[in-house]
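Put chain V on the given structure of chain W with help from the hints.
Line by line, the protein sequences give chains W and V. Residue 208 in the working numbering is what sits at position 208 of the first sequence, and the numbering runs on without skipping anything. For the working numbering, count along the second sequence from 1 and bump the result up by 1000.
Hints were generated in silico from the structure; no laboratory data involved. Among these hints, one or two may not hold up.
[Claimed, not checked] Derived Cβ-Cβ restraints for the label pairs, each shown as a range: (1) Gly1252(V) <-> Gly168(W): 26 to 34 Å; (2) Gly1241(V) <-> Asp302(W): 56 to 64 Å; (3) Val1236(V) <-> Pro58(W): 51 to 59 Å; (4) Asp1197(V) <-> Lys137(W): 50 to 58 Å; (5) Asp27(W) <-> Ala1237(V): 48 to 56 Å; (6) Ala298(W) <-> Leu1254(V): 40 to 48 Å; (7) Gly1173(V) <-> Ala298(W): 56 to 64 Å; (8) Ala1005(V) <-> Ala298(W): 49 to 57 Å; (9) Asp27(W) <-> Ala1005(V): 36 to 44 Å; (10) Val13(W) <-> Trp1198(V): 56 to 64 Å; (11) Thr1204(V) <-> Gly168(W): 40 to 48 Å; (12) Leu1043(V) <-> Pro58(W): 52 to 60 Å.
All C-beta atoms, glycine included, are put in the ideal place defined by N, C-alpha and C.
Residue-level listing of the chains:
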Amino acid sequence: MARTNTIEVERLVREFKKGPRAVDGIDLHVDAGEIYGFLGPNGAGKSTTVLMLTTLLPPTSGTARVGGYDVIADGPKVRASIGAALQEAALDPLLTGRDHLRLQGTLQGIQRVERKQRTAELLERVGLTEAADRKVKGYSGGMKRRLDLALALVHRPRLLFLDEPTTGLDPQSRTALWDEVGRLAREEGVTVFLTTQYLEEADVLANRVGIIDHGRIVAEGTPAALKAEIGLPSVHAVPAEDADRARLTEVLAQFGEPLGDGAKDVAVRLREGVSGLPAIVRALDAADVGLAQLEIQAPSLDDVFLAKTGRSLEGAGESGNGAEPAA
Amino acid sequence: MTVVAQMGALAARSVTRTLRQPASAIPPLIFPVMLMLVNAAGLDSTTELPGFPTDSFLAFALAVPFIQGALFSTMNAGTDLARDIQTGFLNRLALTSMRGSALIAGQLGGIVLLGLVQAAFYIAVGLAVGVDFASGALGILVLLAFAALVSAGFGALGLWLALRTGSGEAIQGLFPLLFVFLFLSSMNAPRNLIEIDWFHVVATANPVSYLIECVRSLIITGWDGQALALGFGITVAIGLGALALASLALVGRLART
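Excised from the complex, chain W in its bound form (with noise of 0.2 Å):
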């Protein structure tokens, strides 16, 4: 098959010894240049499928290309297409930024003076060129995610594999990061394959996103269509006296499916969509139901979540079934 910039995977199945399986037969395609958000809460199998897509973990069965190589047949001509952060920021404390560049950068087979332009540039790219001379062991949580990143674009891959880059970082730096991912896409057409507990994320960077689930994929589009598959918005009252609740509930149940009790607002699912809006606030009126708030939600990609899996994706983690090893 020719070089391209793409990922295509199909039934790939890993089984770990005494567990279930961690990934289930999941088909995907990842065209080139496109950033694929992969969703799911931990134990799920995302960090299973980032290792087997980038040779570092053996598939039990199927087949997987990746920049048009086979995994398991071609996996030096995979390594040398893909960088890879993986899910912690394996640095070594003692090294310097630059070390950690300089030593990236002979072993991806860059000469000296190519070296070291490379990692000049890539230090000011993620914003470490004053930092370039510290051992690594005084940086950041954000600081570290940022040299990952540029460790792993040192010999200019063509795909791009990121597992929860941004988890435990700041707003700031999670932005930074979002903010030169989607650069990397959009300028130097580079595909990005991207794992993620944190539903904004998706929504803000993916092209399309694939949720799994126990190892399945359990829903695949654009964040736009999965949520337009969900369909309609739902709207959120809170009465601006505790004992019109009732009424409220009464009042707003004439125009939707219930969406169970909040702590404090009503909230049901429009079955006009917003076009029903001035109707129910006629109806909240006429019933003289006074209210504190009113809001109209858009469906999340929490919603497909709970729609396709009927768990939420916060804290659906913790009834994995917690085979996903560790990157």
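Below, chain V alone, put in the same frame as chain W:
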């Protein structure tokens, strides 16, 4: 990119790590010398025993730090690699075009360099306290070569243990065992003067005795072909065995396709 360049980069990393954590580099230098000086102060009168090969216990005991330092090399090499496995740094290396042989050779390169620094230090201490090296300047060079070989051999043993267990704690747990090998050798007395039967048998069967006697021969005897052959031969055998085991363990550990 040649394996040599990869090896050089990994050896440079190993050396840099050592230089940046003096707390782990200094004990292998200082403690063996301290132990030697304490032993020499207490056991000096044993040189008066008939058949004792020298009248300077310091000259006799100077061989021990060389071997003790090599045992520390086992711990250092193993602990460093085990940490790389535990933190995922080995996965980072595995994602490059690094050859497995470069990883092992690179790690050993750093250990050998440390072993040479240790040996040079012990030789300097010996010269400073008045030890006369019977084999002369050439003997000192052979001594340095032997120290490098012993460091590589024991370092390979440490790498194998790290690759097999993947645990720094497991490597540290072997520390007492290495000391048992050291103390049940001809460390403090020539084998011909060990009168307790079981100790004599154990010291004779213990390969560490022959490593010590190889170093000792260069310091106090001169050129003893048998001692040198046994010392170099056993070290090469340990090294080759450990390298083979480490290479096999690396294949299992680097399960990349």
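Now for the hints, and whether the structure bears them out:
1. Our hint of 26 to 34 Å for Gly1252(V) and Gly168(W) holds, since their Cβ atoms are close to 31 Å apart.
2. About 57 Å separates the C-beta atoms of Gly1241(V) and Asp302(W), a value consistent with the hinted range of 56 to 64 Å.
3. Taking the beta carbon of each, Val1236(V) and Pro58(W) are about 35 Å apart, not inside 51 to 59 Å as hinted.
4. The hint said 50 to 58 Å for the Cβ distance between Asp1197(V) and Lys137(W), and at roughly 53 Å that hint holds.
5. Checked against the given bound of 48 to 56 Å, the beta carbons of Asp27(W) and Ala1237(V), roughly 53 Å apart, stay inside it.
6. Between Ala298(W) and Leu1254(V) the beta carbons are some 47 Å apart, a value that agrees with the proposed interval 40 to 48 Å.
7. The hinted range of 56 to 64 Å is satisfied by Gly1173(V) and Ala298(W), whose Cβ atoms lie roughly 57 Å apart.
8. For Ala1005(V) and Ala298(W), the Cβ-Cβ distance of about 55 Å falls inside the hinted range of 49 to 57 Å, so the restraint holds.
9. Distance hint check for Asp27(W) and Ala1005(V): the Cβ-Cβ separation is about 41 Å, which falls inside the suggested range of 36 to 44 Å.
10. In this structure the supplied range 56 to 64 Å holds for Val13(W) paired with Trp1198(V), their Cβ-Cβ distance being about 58 Å.
11. Our hint of 40 to 48 Å for Thr1204(V) and Gly168(W) is violated, since their Cβ atoms are close to 58 Å apart.
12. At roughly 57 Å, the beta carbons of Leu1043(V) and Pro58(W) sit within the given window of 52 to 60 Å.
Hint check: violations occur at hints 3 and 11; the rest are consistent with the structure.
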